[in-house]
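Order-wise, the sequence lines are chains A and B.
Using our numbering, the first residue of the first sequence is number 1, and each one after it goes up by one.
Using our numbering, the first residue of the second sequence is number 1, and each one after it goes up by one.
Keep in mind the hints are simulated off the structure, nothing from the lab.
Treat each hint with caution, since some may be false.
[What the hints assert, rightly or not] Straight-line alpha carbon distances no greater than 25 Å define the calculated DSS-like cross-link-like pairs of lysine-lysine that follow: (1) Lys19/B <-> Lys113/A; (2) Lys83/B <-> Lys112/B; (3) Lys113/A <-> Lys144/A; (4) Lys118/B <-> Lys83/B; (5) Lys113/A <-> Lys118/B; (6) Lys19/B <-> Lys112/B.
[As the list claims (entries may be wrong)] Cβ-to-Cβ under 8 Å is the rule here; a few derived chain A residues that face chain B: (7) Leu33; (8) Arg56; (9) Arg117.
All figures in this text were calculated on a predicted structure; none of them were measured in a lab.
We treat Cβ as the ideally placed atom computed from N, Cα and C, and that holds for glycine.
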Amino acid sequence: MLQPTIILQQEGFAASAFGPTLIAQATEALGRLKEHPATRRRLLYVVIESVQNIVRHGSMAGRPSTEHPFIFRLTAEPGGYTILSGNAIPSVDVDRLQRRIRAINGLNGEGLKDLYRSILQRTNAGQNGGAGLGFVDMARRSGKKLLCEFQEMSEDYCFFRMEVTVSRGNRPMSI
Amino acid sequence: MDALNVAGTDETPTIVLDKKGETYQIAGRSIPINAAEFYGPVIDWVRRYAQEPNRTTHMTFRLEYFNTASAKQILDLLYALEKIPGASVDWYFDEEDEDMEEAGQEFAALVKIPFEFKAN
């Protein structure tokens, strides 16, 4: 049985400095994979959303960005690929995020499609994300549940880790 | 009305909006983290153009991929286009890219603009 292989990994602080580079490195790495183009594309979408979520939402008020921890890891496994991402979030956001992810994980393909459409339509112009559209998109492309973990860092912050898996092969989105 | 020409980058698409040349095109990768900042001037141009449009307005989308932040902006752009009589969309996708084809179909279902789907 093949062992998991880390294709790309970056962890540290100040994710905003790494975002574009990580996406460029992932694009290059995915281009070298001997995979169906549909798998490569889905992986790239999930990588982009994961990295941009880290950059956009990983924040700790009152601390310089150079102290904001993050992790990103893309791993090849026997059945497919896993994208792990993590960043600090305010503890007050944990419940809302857990509810949102639980709701997403409770939906099938058609449900995710409807939710995606609903969020897309209702968000006002000028917003750049948030409202969970990225999570819904990742769930659709993955076809599997989003796995999450919240680790307390302090009274005010938690470290939020998410794992998204993408199976090999060509199949319709969100099935 | 001045044309809007924006060169593509690793993160943003090429934009050509040219009333005189009757060319309206968005092509390439669209993954800016601040999509609202990028698409703001594009949507503004379309809204100004809508005040005195050409008889027909045929907009072409040739996107390789786009992030969810861009999805919102693309929908807002289509809402602006929807107000223009004679507007239509050509949505291009790679022949093997069912997801991009489906993305176009999802946008088409949300706006009242005729879409034509074309495989590269």
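Results for each hint:
Note on lysine 19/B and lysine 113/A: the hinted pairing is violated, with a Cα-Cα distance of about 35 Å set against a maximum of 25 Å. Only pairs whose Cα atoms come within 25 Å are accepted, and lysine 83/B paired with lysine 112/B is accepted, the gap being roughly 9 Å. Taken as a hint, the lysine 113/A and lysine 144/A pair is honoured in the structure, with Cα atoms around 14 Å apart against an allowance of 25 Å. Proximity of lysine 118/B to lysine 83/B is assessed by CA-CA distance (about 24 Å); at most 25 Å being required, the pair is judged to hold.
Between lysine 113/A and lysine 118/B, the direct Cα distance comes to roughly 23 Å. Compliance with the 25 Å bound is thereby established for this hinted pair. In summary, the hint linking lysine 19/B to lysine 112/B is supported, as the alpha carbons are separated by about 22 Å, within the 25 Å threshold. Taken as an interface hint, leucine 33/A does not check out: its beta carbon lies about 15 Å from the nearest beta carbon of chain B, beyond 8 Å. A least Cβ separation of about 6 Å between arginine 56/A and chain B falls short of the 8 Å threshold, and the interface hint therefore holds.
Taking 8 Å as the C-beta cut-off, the interface hint given for arginine 117/A holds, the closest approach to chain B being about 7 Å.
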